[in-house]
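2 protein chains.
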Amino acid sequence: MQPYRTPNQVTVAVIQMHMSSDLSDNINRAVAYVRQAAQQGAQVILLPELFENLYFCQVEEETYFGLAHPLDAHPFIPQFQDLARELGVVLPVSYFEKSGQAHYNSLVCIDADGTLLGNYRKTHIPDGPGYEEKYYFNGGDTGFKVWQTRFGRVGVGICWDQWYPESARIMMLQGADFLMYPTAIGSEPEGVLSPNSYQMWQRAMQGHAVSNSTYIAAANRTGIETVGGLEQTYYGHSFMADYRGELIGELGETQEGPLLHTFDLAEARKFRAGMGFFRDRRPELYGPLLTLDGKTRVER
Amino acid sequence: MQPYRTPNQVTVAVIQMHMSSDLSDNINRAVAYVRQAAQQGAQVILLPELFENLYFCQVEEETYFGLAHPLDAHPFIPQFQDLARELGVVLPVSYFEKSGQAHYNSLVCIDADGTLLGNYRKTHIPDGPGYEEKYYFNGGDTGFKVWQTRFGRVGVGICWDQWYPESARIMMLQGADFLMYPTAIGSEPEGVLSPNSYQMWQRAMQGHAVSNSTYIAAANRTGIETVGGLEQTYYGHSFMADYRGELIGELGETQEGPLLHTFDLAEARKFRAGMGFFRDRRPELYGPLLTLDGKTRVER
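If you're matching them up, the sequences are chains B and C in order.
If you use numbering that gives the first Met the number 0, the first sequence corresponds to residues 0 to 299, in order.
If you use numbering that gives the first Met the number 0, the second sequence corresponds to residues 0 to 299, in order.
No lab work stands behind these hints, which were simulated from the structure alone.
There may be inaccurate statements among the hints.
For chains that are exact copies, the list does not tell them apart, and a pair is met inside one copy or across any two.
Below 27 Å or equal to it, Euclidean Cα-Cα: the simulated DSS-like pairs (lysine-lysine) are [claimed, not checked]:
#1 Lys269 - Lys133
#2 Lys133 - Lys294
#3 Lys294 - Lys269
Predicted model only: the values in this text are computed from it and were never measured.
Required output: the full structure, derived from the provided sequences and hints.
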């Protein structure tokens with residue numbers, strides 16, 4: 000088989016949608032949006048985080064562990080493999096993974112021929128009002144992942160990962176051509192974040208885009224969800240930014256469907272090398288990054 | 000001596016000014032702006048990078064090495080120590096350092112009693128049209144620095160450092176209450192960056208502000224400078240951002256003088272702990288950050 004060459008351009012889509020408690024309806028609508036995006040010319044199509052269901056991490060309830068399945072015996076991933084093969088598109092798919100007795104917030108990258116390229120387990124697990132993820136998920140143990148797909152080297156982080164410069168930098172160091180983040184974020188029940196935290200959310204990733212001279216794309220869910228009596232509003236605003244961190248596309252708070260943009264990867268590569276951020280890094284002085292407290296090295 | 004307590008508030012000033020080829024005029028105007036900022040209530044006052052002279056790194060000329068002096072026999076640093084003591088303000092002062100046969104782009108932090116708290120040598124050294132710093136400066140060997148001053152723990156990076164999430168994160172891990180960056184940036188002679196790169200420049204630091212839930216402040220020079228026949232326009236836009244990355248103060252392209260803001264450090268600390276970014280880091284998975292190529296560990 001011919002090895003893939005890094006393309007000069009790639010057309011990327013993020014899909015923004017609401018979720019309901021009807022799992023097969025969610026899957027069916029996700030499939031329909033993927034078809035729509037592919038028809039419009041998208042080559043890599045990103046669905047939101049855990050799009051199979053409502054964002055159940057609003058509450059801590061045993062019953063939701065029943066949604067977790069092993070990657071090799073999964074209820075809906077084979078369907079997306081067929082879809083990727085049929086449409087000839089790359090699909091990074093977010094799902095709730097069970098492995099042994101551990102549970103992960105995972106993502107599998109499906110290449111345009113339907114092949115599973117590999118599995119990523121969310122590294123950074125949030126915990127706070129409305130985002131009780133530490134109840135459900137082990138911290139990911141895969142490290143950060145970049146996959147050589149038919150349409151370029153794709154680096155994907157999951158939601159909370161998107162706030163971490165460490166995730167973005169490591170994926171770029173591993174040769175990513177661009178970065179993607181499936182997301183579930185909205186207003187918080189106790190008002191810790193303002194309803195307008197979407198700007199802060201975008202700003203963090205625009206920062207990664209600048210510091211790494213790379214395109215990024217984020218897909219969020221939208222709509223009001225009530226889980227266990229708690230109501231949360233997911234604020235949409237799925238977006239893409241270019242290698243200068245400028246917004247190049249954005250959906251509104253309640254819009255649904257695909258947002259497409261063609262990334263000029265050749266231009267980004269040239270700009271990245273010219274800026275020289277990666278030339279001038281000083282890893283020998285970055286030891287404190289491997290600590291939690293600025294002092295004690297944590298390694299495995 | 001009573002150890003300092005971290006204050007709940009601090010009033011910070013950044014000073015934006017033009018430089019000329021008259022060194023003592025530059026120093027005198029810098030001193031006058033520091034007095035003005037102190038009079039307005041500033042407690043920590045940041046001058047731009049290498050404010051003693053024109054930004055000579057536009058060109059590569061031996062003569063400019065003559066501006067470098069050892070920290071312990073420096074022509075203008077004692078004057079700023081006296082000034083800090085007289086006004087009771089903290090002054091992080093940028094200067095061209097000679098040590099042995101090495102040259103550094105350095106900064107010394109002067110506490111409000113005139114004490115030298117320590118020296119930082121710029122870690123990340125740029126090199127490109129108009130910014131020929133690798134000709135003049137060794138890469139810094141001090142590591143990143145945070146100083147406990149009378150008015151809080153101050154972390155300072157120098158210019159190119161400000162594009163690096165690594166610098167910001169390490170200073171925060173070392174307990175910084177807020178971050179500051181003296182700068183010399185403008186349009187590039189060959190148009191590598193657009194004249195509006197100031198937005199990209201701000202975005203990188205707004206990203207650090209969000210990812211670290213911290214206030215930041217940057218002081219740039221302004222004005223058109225001609226060095227060795229080359230003309231460069233420094234674009235000002237010195238600014239401050241809060242712990243959500245929102246701009247809370249900004250000067251125009253050609254404005255001169257101090258910009259002040261009171262940082263609510265207590266609120267920032269509460270917000271930072273509540274967001275939980277530092278709680279959820281996973282240093283055991285950050286090994287690739289200590290590489291240049293994503294593979295080979297570089298350590299000292």
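Hint check results:
| no. | hint | in the structure |
| --- | --- | --- |
| 1 | Lys269 - Lys133 | between (41 Å within a copy, 21 Å between copies) |
| 2 | Lys133 - Lys294 | within (25 Å within a copy, 30 Å between copies) |
| 3 | Lys294 - Lys269 | between (37 Å within a copy, 22 Å between copies) |
Comparing the model with each earlier hint shows no violations; every hint is respected.
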